[in-house]
Each structure stands twice: as structure tokens, then as C-alpha cells.
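According to numbering that gives the first Met the number 0, the residues represented by the sequence shown are 0 to 263, in order.
Any given hint could turn out to be false.
Said to hold, decoys possible - No more than 30 angstroms apart at the CA atoms, straight line, and that leaves these computed lysine-lysine pairs for DSSO-like:
1. Lys-153 <-> Lys-178
2. Lys-140 <-> Lys-177
3. Lys-177 <-> Lys-153
Said to hold, decoys possible - Label-pair restraints from in silico Cβ distances:
4. Ser-90 <-> Asp-181: 41 to 51 angstroms
5. Thr-104 <-> Ser-73: 13 to 23 angstroms
6. Leu-148 <-> His-106: 12 to 22 angstroms
7. Arg-44 <-> Ser-90: 38 to 48 angstroms
8. Arg-43 <-> Ser-90: 18 to 28 angstroms
9. Asn-81 <-> Ala-250: 22 to 32 angstroms
10. Asp-134 <-> Thr-176: 35 to 45 angstroms
11. Arg-175 <-> Asn-122: 12 to 22 angstroms
12. Pro-115 <-> Lys-178: 24 to 34 angstroms
13. Ser-93 <-> Thr-232: 36 to 46 angstroms
14. Asp-223 <-> Ala-250: 12 to 22 angstroms
The hints are simulated quantities; they were obtained by calculation from the structure and are not laboratory data.
Note that the Cβ used here is the ideal one computed from N, Cα and C, for glycine as well.
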Amino acid sequence: MEHKYPGSGRLDSGSDRIAASIAVISDIHGNAPALRAVLDDISRRGIDTIINLGDSLFGPIDPVGTAELLMGDSRILHIQGNCDEILLQESADSATFAFVKPRLTPHMLEWIRSFPATRAFDNLFFCHGTPEANDRYLLEKVTEEGVRLKSSAKLASELAGFDHDYIFCGHSHVFRTKKLPDGRTIVNAGSVGLPAYEDELPFPHAMESGSPDADYASLERRPDGSWEVRPITVPYDFESAAVLAEHAGRADYAFAIRTGRALR
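Please put together the full structure from these sequences, using the hints given.
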């Protein structure tokens, strides 16, 4: 039997409601206070379609509260991020997994399992990492010397099979836009709930937004069919989220939430 959840439907190119304006959110990582502020901001702007690019619950803050907010909001269409996928595993060598997984109900896990890998609508394409892998960066490359932005030529080569005018991604937690010579625009929507982090693969590196505020992107459709993309920054009570992370024993998350920097 196929189960339906709020926000689990397909984008419909014939819907004026969806075509008028869209909010793109990503990388909430269990930060319910940040998500609540972003959803309120989206409502104030009159946007009633939201694309969530994934990595929603994987964080030692309030994964259950985050799930309840997302599952109860019919405006939201979801994509499965790499950390969502990890939560479907039976085990993982991760302190965050050990915090989050036991708190999730079978219904929440079934909801995560229902997410598609990508979504496409009209001239828009949505993914978590790259169109082909949710655990890889689209705009950035990581070398032994650090994080670098990919060249236009490299991006054009990697996206040769995708003819959408706009490609939206997350995963790196840093808002960026890149216009390719062929006219296509790539947008990283940033992070709602975790503005910085460190990772060991493929080489040790840090991703940092430099601000504790929550980020997302808004899209407004122009009369000619193109889209105006705007970065939106939402201040919120980040201290309440940082305290929850500290109570979970995660000074790294608390520092990142307060500063937008990785704890080194």
C-alpha cells in the first residue's frame, strides 16, 4: 500500500499556486527553533510552496520537534539528503545517529523513506548534493589545501545532462549562487539549522557561513517565466538551540550555532 504524507505529492507544472512563488530550505539538522522562525518568515511573505532539500532531523537539538513541524506542514515537498538516508540504517558509527535514531518513531522513519532523491518542476531542478549523489558537493570541491569553488567549465561538464535553467542544492550549508556561461543558474540554499560544521572526507575541511542566522532562498516567478532568486536571512533565538546541543553533550554544534564557525 502506498502511504501519503503532507507534502509528499508531486510538483504540478499546471498549478498557479506552486508557479507563483517558492521557498527553498535545506539542512535543518534537527534545529526546531530555527525551522520555526523560517516557517513563520515564509508565511509572512505569503509563500505557500516549500521545497526541503533534506538533512532534516540529523542533529542533537530537537529532532522530534523538527519532524513534527515538517510532517504537519502541507506546504512542504521533501528530498532525501545523505543524513536522512543514514537514519534509515540499522546502525552507524556516529554520536549524532545514536542521539537521533532512538527518538524517531516508526512512522517518522517511514516518512523519511518516502522522500525522492530529486524533484523537478518546469525549468527548476532540486537535489540535496548533486543531481546524482546526495553526499557530494555541487558548487565546491575539497582538496588537501581546503575548500575551493568549482570552475564554470567543471560545473558545465558535470551538469551536461541537465537542461534545467535553475538547479538548487544544499549539503554544504553555505548560500551561494553561480551563473554559468550557458545561462543556467546554480543556487545553494544554505542551511536553516547548522551554519557551520567540520568533516573529515575527502580531506579534513570546514564549511562556515559566518553567521548564526537561519538561511533559505525565495523564488518569485517573473512574467517571462524566469525566476528571481533571493537569499533570505532569518534571525532567531539561536541561544535556545545552542543550549539544547550542550545538554546533549555537543559543544561543536553549540559553537557552530552561536557563531556560524566550526569549532577547531
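Self-check item: Hint check, failures only
Solution: Per hint list: 6, 8, 10, 13, 14 violated.
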